[in-house]
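*Asks:* My request is simple: use the sequences and hints to build the entire structure.
Residue numbers (our numbering), protein chains in the order written: chain L, 1287 to 1430; chain R, 544 to 696; chain G, 12 to 373.
All the given hints hold, so there is nothing to weed out.
No more than 25 Å apart at the CA atoms, straight line, and that leaves these computed lysine-lysine pairs for PhoX-like: (1) R:Lys631 x G:Lys297; (2) R:Lys596 x R:Lys654; (3) G:Lys327 x R:Lys596; (4) G:Lys297 x G:Lys58; (5) R:Lys596 x R:Lys632; (6) R:Lys596 x R:Lys607; (7) G:Lys297 x R:Lys632; (8) R:Lys631 x R:Lys596; (9) R:Lys596 x G:Lys297; (10) R:Lys607 x R:Lys632; (11) G:Lys58 x G:Lys327; (12) G:Lys216 x L:Lys1336; (13) G:Lys327 x G:Lys62; (14) R:Lys607 x R:Lys631; (15) R:Lys607 x R:Lys654; (16) R:Lys596 x G:Lys62; (17) G:Lys327 x G:Lys297; (18) G:Lys62 x G:Lys297; (19) R:Lys631 x R:Lys654; (20) G:Lys58 x R:Lys596.
Rough simulated footprint, nothing fancy, chain G against chain L, three-plus residues with beta-carbon under 8 Å: (21) 1315-1328; (22) 1331-1345.
If you are wondering where the hints come from, they were derived from the structure by calculation, not from laboratory data. In this text, a Cβ means the ideal position worked out from N, Cα and C, and glycines have one as well.
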Amino acid sequence: MDPQVFFDSELEQLLLRVQDYQQRGWRFVNLCGSSVEGQVELLYSFAQGKQLENLRLLVSNEQSVPSLSAIFVNSFFFENETHDLFGVNFKGLAPNFGGRFYPTSVPTPMNPASAQAQARLQEVEALAQVPSPSSPEQQERQDG
Amino acid sequence: MGSFRLTKMSLRNLGRKPATRPYPQQPARYTPRTKGHIVNNIELCILCSICQKRCPATALTVNKAQGTWTINPFSCVQCGTCVRVCPKKSLRMQPEYTAAAAQMHDCTLVKPEPALDGERSLGSERPQRSERLPGSERPQRKPRPERPSRIGC
Amino acid sequence: MAKHTVIPFGPQHPVLPEPLHLDLVLEDERVVEAIPQVGFIHRGLEKLVEKRDFQTFVNITERICGICSFGHSLGYSQTIENLMGVEVPPRAEVLRVIWHELSRVHSHLLWLGLLADAFGFENLFMQCWRLRERILDIFERTTGGRVILSACNVGGVNQDITNEDLRGIVHILEGLVDEYNELVNTFLTDSSVANRLRGVGYLSKDQARDFCTVGPFARASGIAEDIRSYGYGGYGLLSAFEPVVAEEGDGYARCKVRALEVLQSIQIIKELVEKIPDGELSVRVKGSPVAGSVAVSRLEQPRGECFYYAKGNGSKYLSRFRIRTPTAQNVAGMVHTLQGCDFADVPLNILTIDPCISCTER
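*Replies:* This is the structure:
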C-alpha cells in the first residue's frame, strides 16, 4: 500500500515547502481541489521513489494562491484545471488559459459557492424574473 | 535502398486466409462467458428489487405491487452486477447481444400469482395476469408494440 | 525575418486516438511553439461521484477510457480499499495483476499499431492489431467483455480463472511471442522506420526530470522509475522486477521501451501463473467510508504513474474522487519536444507520449 502521509499547511508557507521539495529532488505528482463548506481545500502531492507526501491547505474563494509554474512547469495543467472547476485564482500562472481550459456550460461546477458561480446564479434568477415579450398571455394582458 | 524486415511475414501471409471473419455471412462468435443480455427466470424471482437498487445504468424497474420486472435492454451496460447480487439467482447473463432496433423498448415480465382475488380497478395500467392452474404454461406477457425479432427476451 | 503561420492540429486527426487540439506556430515548416487545448471530452465524471454509490462507481471508472479501462477500475478499487481498510484476498490480487498486465500488452500493441500508421506503414499496423485480437479473445473468454471487462470490484474480483485456463493463457502468449518478435525486429531495425523515429522529439534526462514526466516517456530518457518495482498488491510475489530503460531519449527509445515492456509483461504473467495461491475471490464490503477519511494510491498504468485520491464523508457517496492520469503529467514534456521539430514529425511526437485524453479529462 502507498504511504498515506498528509500534512496541513498554510498559504504563506506553500512556496517555501514546494521549493524545498524541488531542491531535494522530489517530483510534483498532483494538485487537486475539493469543495469543503464553501471553501476550497487544495491537495498538493509530491513523490520520490517509494515516498509520497501530500500537503493540504484551505483557501477561501477570495484568496489567490501563488502558482507553482515557475518551479514545476507541468503544474500549469492542474492549476488551469483547478481554476476552471473550482474558481481558485493562481498568481503568476503561465500559460494562463483564462477560464477556457475546460469549457463547461456552468462556471466552476465543482464549487457552487465560488464568485463566478454565484454571479451566474444571480444572472439566471434575474432573467427568470423579466417577463417574456413573446408569450400570447402577456400580449393579451397588455392589450386589454 | 534500405532493409525491409517484414518480407518473411508478408510472404507467409499471402498463403494464409484472412484474419477477419466475414460477419454477418458467418454468424458472430460468442464465448460462454460473453456478456450479452440479461434474462430473468420470473418463477424464481421474488421482486425484492435489490437488482434495481444496484444497477449502475438504472435499466431495471421492479414493481412488487403489480408483480412486474422490467428491463430496458438498450440502457443495460452488461456489467453483471444484478446477476451477482440476486439472492435467488433468478437472473442470468446470456452471450448474445441485443439486436439493433429502430426504437428503444422495454421488456417486461409478469410474475404469476397463486390465485386471482376479487375485482381489479378499471382503467388502471395493469398488465394481464394469468390464473395459476396445476401444470400451467408460462404466464402471459404484457402485449408489446410491434418490433423486429430480436435474440433473447 | 521569417514568416509565422499558425496551423490548428486536431481535435480530429487520423493519428490521434482521442481529441486534442494544438495551435502550432510555424516558421517555414519548423514548429516554434505549440499551445495545447483540451476539454473536448470532459464529461464531469469527478462530479458524478457525489451522486453514485461508491460500490457502483467502479462501473463508471472502467468506462472513463477504453484502453486503460481495467487500470482505472483497479486503481479505484485499491483506493477505496485503502480508505476503508479492506484486505483483498491474495488470489484476487494476483488475478487483478494478471488482467492488468494483459491490459498493458493490449495497450502497447495498440500503440505500436498507431505508431506504424502514423508514418504510413499500414501493413505493420494491421499485423500489430491482429496480434492484439488474441489478447482481446483472452479477455472475452475470461471476463465476458473485450474492452470493458467489469472484472474488478471493491473487495476483490468478480469471476475466477481456473488454474487450467491460466496455463492455457500462458500457452497462447507463448505462441504469440515469435510473431511479435518479428514485428519488434521491424520496428527497431527496419531502415524506413528508423528514418522516421531516430532523433525525433529528443528529451534529455535532466529535462525529463524537470518536467516530472512519468511512464515509458520518462524511462526512454533514462529515468528508471516504475511503480511496479515497489511490490504493492500482487507485484509483491515477483522474484525480481527491473524497469525497462533506454538512454537515447527520442522517439526510437520510446518505441523500444514499449516493445520490450510487452515481453516483460508476458514474463510477469508466466511467473504469477506458477505462483498464484488458491482462495477466495472477494470480501464483502459493508458500510461506508468514515467521515473525514482520506486515502491515496498509485498504479503503474501502460502510460505511466496514475494517482488516485478519495475522500469520504460518512455516507455511501464519496465527497471527492480524483484521478491524475499520466498524460496530464506528460503534456508539458510533449509541448517542449514539439518546439523545434519539423511539421511532418508533429503527429509522431504527439503519439510518442501515448496520449490518452479521455482519461485525462474524465
